[in-house]
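Q: For chain A, the structure is supplied; the task is to place chains B and C on it using the hints.
Chains as they are written, first to last, in the working numbering: chain A, 1 to 180; chain B, 1001 to 1422; chain C, 2001 to 2274.
Among these hints, one or two may not hold up.
What the hints assert, rightly or not - Under the rule of at most 25 Å between Cα atoms (straight-line distance), these lysine to aspartate or glutamate pairs were calculated in the DMTMM-like manner:
{"no.": "1", "chain 1": "C", "residue 1": "K2045", "chain 2": "C", "residue 2": "E2217"}
{"no.": "2", "chain 1": "C", "residue 1": "K2239", "chain 2": "A", "residue 2": "D47"}
{"no.": "3", "chain 1": "C", "residue 1": "K2261", "chain 2": "A", "residue 2": "E8"}
None of these hints come from the bench; they were simulated from the model.
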Amino acid sequence: MTTNDQIEHEEEVTRRNFLYVATGVVGAVGVVSAAWPLVDQMNPSADVLALASVEVDMSSIPEGQTVKVLWRGKPIFIRHRTAKEIARGVSEDNDPMKDPALDKDRAQKPEWLVMIGICTHLGCVPLDNTEFQSGEYGGWYCPCHGSEYDIAGRIRKGPAPRNLEIPKYEYLNDTTVKIG
Amino acid sequence: MGSSTYVPKSKAGKWFEERLPIMGLIHGTLGAGYNAPRNLNYWWNFGSLAGFMLVVQILTGIILVMHYTPHVDFAFRAVEHIMRDVNYGWLLRYTHSNGASMFFVVVYIHILRGMYFGSYKSPREVLWFLGLVIYLLMMATGFMGYVLPWGQMSFWGATVITNLFGAFNFYDGMGDSILHLLWGGFSVDNPTLQRFFSLHYLLPFVIVGVVILHIWALHLPGSNNPLGIDAKGPGDKIPFHPYYTAKDAFGLSFFIVIFALFIFYMPNIMGHPDNYIEANPMVTPSHIVPEWYYLPFYTILKAVPDKLFGVIAMFSSILIFFVLPWLDGSKVRSAKFRPATAFFFWLFIINAIFLGYLGTKLPSAIIINMGGGIDALTLGRIASVLYFAYFIVVVPLVSRMESTKPVPTSIAQSVLDARKEG
Amino acid sequence: MLKIVKNIGLATMIILGSVSLAYASGGSSYELKKHDWPHAGPFGKFDKAALQRGLQVYKEVCSACHSLNMVAFRELTALGYNEAEVKAFAAEYEFLDGTDDEGEEKYRKGKPQDYFPAPFTSEAEARDSNNGALPPDFSLLGKSREHLSMFTPWNSIYSEDYIVGILTTYHEEAPHGFEISDGMHFNETFLGNKIAMAPPLSDELVEYADGTKATTEQMAQDVATFMYWAAEPKMEARKEMGFKVIIFMTILTIMLYFVNKSVWRKVKKGDDLV
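Looking at chain A on its own, in the form it has when it is part of the complex (with noise of 0.2 Å):
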């Protein structure tokens, strides 16, 4: 065999190499692509999204009453707080608190506080102690483990580690909240 003859042979291997691994690499794509319906699928339905974010009109909630909604499958509390509950929740904000955060955070605007109603220990719904400010700090109370938030859903005592949840979310006007 001549040099010449092995230098054509081997261009001609290189050649086919590259074929084969340039074939490949397009098959791969190709598998990738395909399943990524495959996996796509099971993220949320258009009909899903389009009930991951609510609008609720809170003119009818009369002053120190707790509404219960649901967002995202999870129980959103609006509670509009009285003057004196504001001030209590304001009072408070140096007590000695697991999660500390002042009263004004909590809340966009103070009389209306808007928080996820699941407990941040082990996912329970809290029960309202809220309208005879009963219990140690007149606001949340979880009967699955005993933690307890008070009226700006702070926790106070108890397993849980952070304060309730606050969503994301938006006024659209004085009284409609946009969540999600």
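A: This is chains B and C only, laid out in the frame that chain A set:
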């Protein structure tokens, strides 16, 4: 299935192979360890294509179930929910619904290839049986799947097909008892839908099991080939990998292009528009037609004036394939060397397509209009008789009487002969 | 053998072609007029202005009797509306929202996630208000009235043409000798030519927001476009993806063709045997 000539390269591979020789199994079944005849043509691609379609149907099916509700009140809407709201839901459903048709196209070609090249003949009879079992399971699965969208054709197709079983009325009330058992009620209704759903989910996995047996039975005698002669010497065979993996990959890729044309550009062409109308037990569509892949058998059913014998004729038209290995008495397998067999084979296909065409017609429809006019029923009867005549008369006689062309001594020799000729 | 295959293919096409021919010509002696729909064909896209006009016709005319159960207001963004417009559109509808403290039915405004409300609460009510006939739901009529032919596509009947046909081929007087009962109307397109629906459209019946002249034909085409969209809202996404997939798979197929050829290079001709 596979031979155990596989030797893992890495130490970890060896360690694993000693404990579970699965790589060796794959290597011996679909890898370099399996030697296949060197002369397989493109008709032999359809086996792997059928395997691909089975996987596609199972994958898309499992996903569709995640969004579907098998209840008469919700099923129709659930399908529309998939089509409209689920991410890529339309793609998955169209793939599944057109996939069923493609699966049947591929399997029909696979079966006919076996018929033409004599793949059912000794020693591959059990392989042939297992294939037919897969086909029967596919028919059942396809039928029950078509019921799930709960459209008008779903409902009335289910009603007509289940009523076939009422033909087995050997004592008073027996037919009704069978139907009540099938329906879980007194008509096709929610219990029927739910059991069909359950079985539609189950049967594909049974098919997978039979496919494994099918491949097992294939690997004992090895693949048949276009010449129909046994591959004996080492020169007759080549390793499955890379030769047939490359060929199958090319065939698969080409097939997907065709498949995609249906999914993306004519997704509803193989379905029936009435299935976009929700099932209504009070209104029968003006014209009930089964899915195209059942049409030839549907014509045979309609051709027989007696209900019981019609049903028996219809089932016989499929079951008769089981005795084909014995109806054919020729010593030569491939129709390549049996001109008369090849001729009648093509006639059989034309007749079968004609049967399928008649399946779409009302029995009274005039098909051939020459002065008088011959209706679909009459033609259906003629075509049905021809269908059975092929098995009962033509194949036994022709296979025993025809003079065959000379058969090459070996596959390698035929390749060398062709080489000499240019 | 290839020749035989070709012949069989040809025979099949002729047979299947005649199937659809027979289908298309069967039933009525009137010819259905075909239109060039901008959304037809492999690159077809919806005419958004027509969709919006079609929605207007549906809302102002058809929705008095026909429901559109499967379509949610939120989907109307596909017609070219923005979210605020969709919200305002939804708010024009009212939905029952439980009862108030006195047990009276309470209503709320529609939201984007709501579905088009049905004009009748039950089939019985619908039939009662329509002389015993049931006005079909519009959601899927865009697909359920088509008859597609694979081998002779020119014989296919598309739902859009059929819908326009229904809406525009009423005769005031049934042809001589054609028996028609009270409350029924003669229509060229409808199967059997007897339809319970009174001619729903007449020129200038609606006043189009975009100033298009509202002829009967125009309204019929617009609402047919809208109905096809309602039946197949993912059509554009489907065709776009299909184009990409087919280009990609064609390239991969060509590459695999050469890979296959290269793998078989020696064996094909029997070079390994000599």
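Q: Report the numbers of all earlier hints that the structure fails to satisfy, in ascending order.
A: Of the numbered hints given earlier, the structure breaks none, since each of them holds.
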